[in-house]
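> Each chain, written out:
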Amino acid sequence: MRSSWLHRRDRRGVWFVAPFLLGFLLFMVVPLGYAVYTSLYTYKIIGGTSFTGASNYTQTLESWTFWSGVVRVVVFGAIQIPVMLAIAFFFACVFDLGVAKYGTFFRTVFFIPFAVPAVVGAVMWSFLLEPQFGPFTRLANALGFANTDFFGPTLLLPVIIVIVIWEWTGYNMMILYTALKSVPRDMVEAAIIDGAPLWRIILRIKLPMVRPAIVMLIFLNTVGALQLFTEPQILESFQQGAVSLNYTPSYYIWNTAIAADQTNLAAAMAVILAVIIVGVSAVSLLARGGGSRRATAKGASLSRAVNRDFSRGGRPPVPRCGPAARATRKADPMARTDVASGPRPRSCPPAIPVHTRRRELA
Amino acid sequence: MTLTTAPAPARTAAPPESRRERRRRERLAARDAEIPVKLYGLRRGTVGLLTALAFLFALFTLIPIAWIVINSTKTQANIFESFGFWFARPFQFFHTFGLLFQNVDGYGTFIQWFGNTALYAALGGGGATALSALAGYGLARFRFRGARFAFYLIIASLLIPITALAIPLYLTYAKAHLINSLWGMVLPSMVSPIGVYLMRTYADLSVPRDLIDAARIDGAGETRIFLRVALPLMVPGLLTVLLINVVTVWNNYFLPLLIFNVNTKYPLTVGLGLWSGRLANSGDANLYPMLVMGGLVTIIPLIALFLILQRYWRGGILLGSIAN
Numbered sequence: 001m002r003s004s005w006l007h008r009r010d011r012r013g014v015w016f017v018a019p020f021l022l023g024f025l026l027f028m029v030v031p032l033g034y035a036v037y038t039s040l041y042t043y044k045i046i047g048g049t050s051f052t053g054a055s056n057y058t059q060t061l062e063s064w065t066f067w068s069g070v071v072r073v074v075v076f077g078a079i080q081i082p083v084m085l086a087i088a089f090f091f092a093c094v095f096d097l098g099v100a101k102y103g104t105f106f107r108t109v110f111f112i113p114f115a116v117p118a119v120v121g122a123v124m125w126s127f128l129l130e131p132q133f134g135p136f137t138r139l140a141n142a143l144g145f146a147n148t149d150f151f152g153p154t155l156l157l158p159v160i161i162v163i164v165i166w167e168w169t170g171y172n173m174m175i176l177y178t179a180l181k182s183v184p185r186d187m188v189e190a191a192i193i194d195g196a197p198l199w200r201i202i203l204r205i206k207l208p209m210v211r212p213a214i215v216m217l218i219f220l221n222t223v224g225a226l227q228l229f230t231e232p233q234i235l236e237s238f239q240q241g242a243v244s245l246n247y248t249p250s251y252y253i254w255n256t257a258i259a260a261d262q263t264n265l266a267a268a269m270a271v272i273l274a275v276i277i278v279g280v281s282a283v284s285l286l287a288r289g290g291g292s293r294r295a296t297a298k299g300a301s302l303s304r305a306v307n308r309d310f311s312r313g314g315r316p317p318v319p320r321c322g323p324a325a326r327a328t329r330k331a332d333p334m335a336r337t338d339v340a341s342g343p344r345p346r347s348c349p350p351a352i353p354v355h356t357r358r359r360e361l362a
Numbered sequence: 001m002t003l004t005t006a007p008a009p010a011r012t013a014a015p016p017e018s019r020r021e022r023r024r025r026e027r028l029a030a031r032d033a034e035i036p037v038k039l040y041g042l043r044r045g046t047v048g049l050l051t052a053l054a055f056l057f058a059l060f061t062l063i064p065i066a067w068i069v070i071n072s073t074k075t076q077a078n079i080f081e082s083f084g085f086w087f088a089r090p091f092q093f094f095h096t097f098g099l100l101f102q103n104v105d106g107y108g109t110f111i112q113w114f115g116n117t118a119l120y121a122a123l124g125g126g127g128a129t130a131l132s133a134l135a136g137y138g139l140a141r142f143r144f145r146g147a148r149f150a151f152y153l154i155i156a157s158l159l160i161p162i163t164a165l166a167i168p169l170y171l172t173y174a175k176a177h178l179i180n181s182l183w184g185m186v187l188p189s190m191v192s193p194i195g196v197y198l199m200r201t202y203a204d205l206s207v208p209r210d211l212i213d214a215a216r217i218d219g220a221g222e223t224r225i226f227l228r229v230a231l232p233l234m235v236p237g238l239l240t241v242l243l244i245n246v247v248t249v250w251n252n253y254f255l256p257l258l259i260f261n262v263n264t265k266y267p268l269t270v271g272l273g274l275w276s277g278r279l280a281n282s283g284d285a286n287l288y289p290m291l292v293m294g295g296l297v298t299i300i301p302l303i304a305l306f307l308i309l310q311r312y313w314r315g316g317i318l319l320g321s322i323a324n
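Protein sequence lines, in the order shown, are assigned to chains F and H. Per this note's numbering, the very first residue in the first sequence carries number 1; after that it's consecutive. Per this note's numbering, the very first residue in the second sequence carries number 1; after that it's consecutive.
Treat the hints loosely; a few may be bogus.
To be verified - Only pairs whose alpha carbons sit at most 25 angstroms apart, straight line, appear in this in silico PhoX-like list of lysine-lysine:
1. LYS44(F) x LYS175(H)
2. LYS101(F) x LYS38(H)
3. LYS44(F) x LYS101(F)
4. LYS181(F) x LYS38(H)
These are calculated hints, taken from the structure and not from any lab test.
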């Protein structure tokens, strides 16, 4: 315990944190509190504002208009996030392993859309996909898909998915790339010496090591997906009537607050949306907590997991320790005596079975 | 579990390295850190195939950017009628660029929005970085009552969605007469929980406790220690946080859309959104080219900033700890 005079000054740390906490209080806590307060009232042209308790909440919760937007963003996220993370992880691995040429150049190019505001990204894609003159619409028509309408009801959601993938893949790739850089080099080298093919190195070593990063990205992207607003709003201004007023919850809240001027109802919706998002994030963060507990065991079990896979090639079971193992090692120094197959004497440390880790993930 | 890279090496007394030498050393170090590709035992053509895939995705990434560059030179008629990925006469780039300085159609002047955005991003991003540096250092290097609680509060606030926060802010501003106020935009932008989280991680890695203790023994005050000892060590982290915060404010759309209702206050994003909303009804034949040009001028400063500062984000000093 350090209790020298030096550390009596520790209370001064409060002053370093105070400016941020003040801002936090004024611009996060107070508005949220005020929103909850407002949501309990209702404004009527005749009679003015009156306390109506939970009626704004029941109105929202019973409104299919609100929930259909929630369902839409959930569908949107369920497609967009896995596709984007798969692309991001694929290229992060490719660049991390250096198995494609010009990796530095490609990494820089992929990251560029992060610097493009969502508004401008949506505007650019709207021009490209515009139903009458857009180059992509013309291309689709030339390829035989006559009357392709990218802003029509069937293609609108896929189009938004493509736009969001365009915007965010590079950023996610950079985070995964950084995480991959921290995978110990000797672990990969050992696998190479064992003759593991590249795809197995990726799936068995790299993927488990960056699992915490992937869970974090799933969380961040889920929060983002549930708030989808900019892209539908800009698309709507290019093709009026393409996007319904309740297309996403955020868009519906905005329309309720600004266009319909029902601020009390909008406040209730904002609170409900916040609760939904916090709930979903909490679930994914709990999953992440499980991930970090596993991480300590991971290092130990990882090499076994890799080796275990190699042993499936019809190789006879090799004793892991004890006199038999010593004899085997003497005869053939390259034989793996650490494989978790064959009889295990009492003195052997138990191997952590691979299936345990899988089950924990689910 | 720790994914952050090691803190920057301490400065030694060695003669200063020229930029060229440093680049060369870094390139060689990067080469040595990589496992030679031929060791992977790949089938012939794999590298070519993967490069081709990367090329295809790069094409997908660059298509909209190429389109906006090419079409910033066109007239409205040509934007629609000519081939989208090649130039068409007449060359109108400078004419359209000039229009950005005028209030065409009465919807607002682009250059004013540009100035607003720069101001909001500088004040909001700079302020957020300053507050994050203070709070991050305070949380990393002091143990005081409530520090742990404050940190958990900050982590928890990462969960609160911006959209769900913007509506309450708007309602509060409407009550407090802060609609159309500069500070209504700047002050909330200065509250960046992710920035505090990142700066705490970085301060923890890069500012040795012993150095602070030594400075205290020498009689330096806490403010002086922060400014003269800790802050210089935190510069790489500060730049990353600054970059993230500036981009966040620059690209922010929902909050300014709610809290500004006069077009002289708009940032670029809201202004361009307004233009795209008026496209269909506008009588002015220049609005489409202006929107294209405006989009181009909006993205250029940020892309330039990223290319100049790419050492910082590509090194991923802090991006790693976001993922952590």
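> Confirm or reject each hint.
Each hint, compared with the structure:
For the given pair, LYS44(F) sits about 18 angstroms from LYS175(H) by alpha-carbon distance, which is consistent with the 25 angstroms threshold. Using a Cα cut-off of 25 angstroms, the hinted pair LYS101(F) and LYS38(H) holds, with the two alpha carbons roughly 13 angstroms apart. In summary, the hint linking LYS44(F) to LYS101(F) is not supported, as the alpha carbons are separated by about 66 angstroms, beyond the 25 angstroms threshold. Of the supplied pair hints, the one linking LYS181(F) and LYS38(H) holds, its CA atoms being roughly 19 angstroms apart against a limit of 25 angstroms.
The structure shown violates just one earlier hint, number 3.
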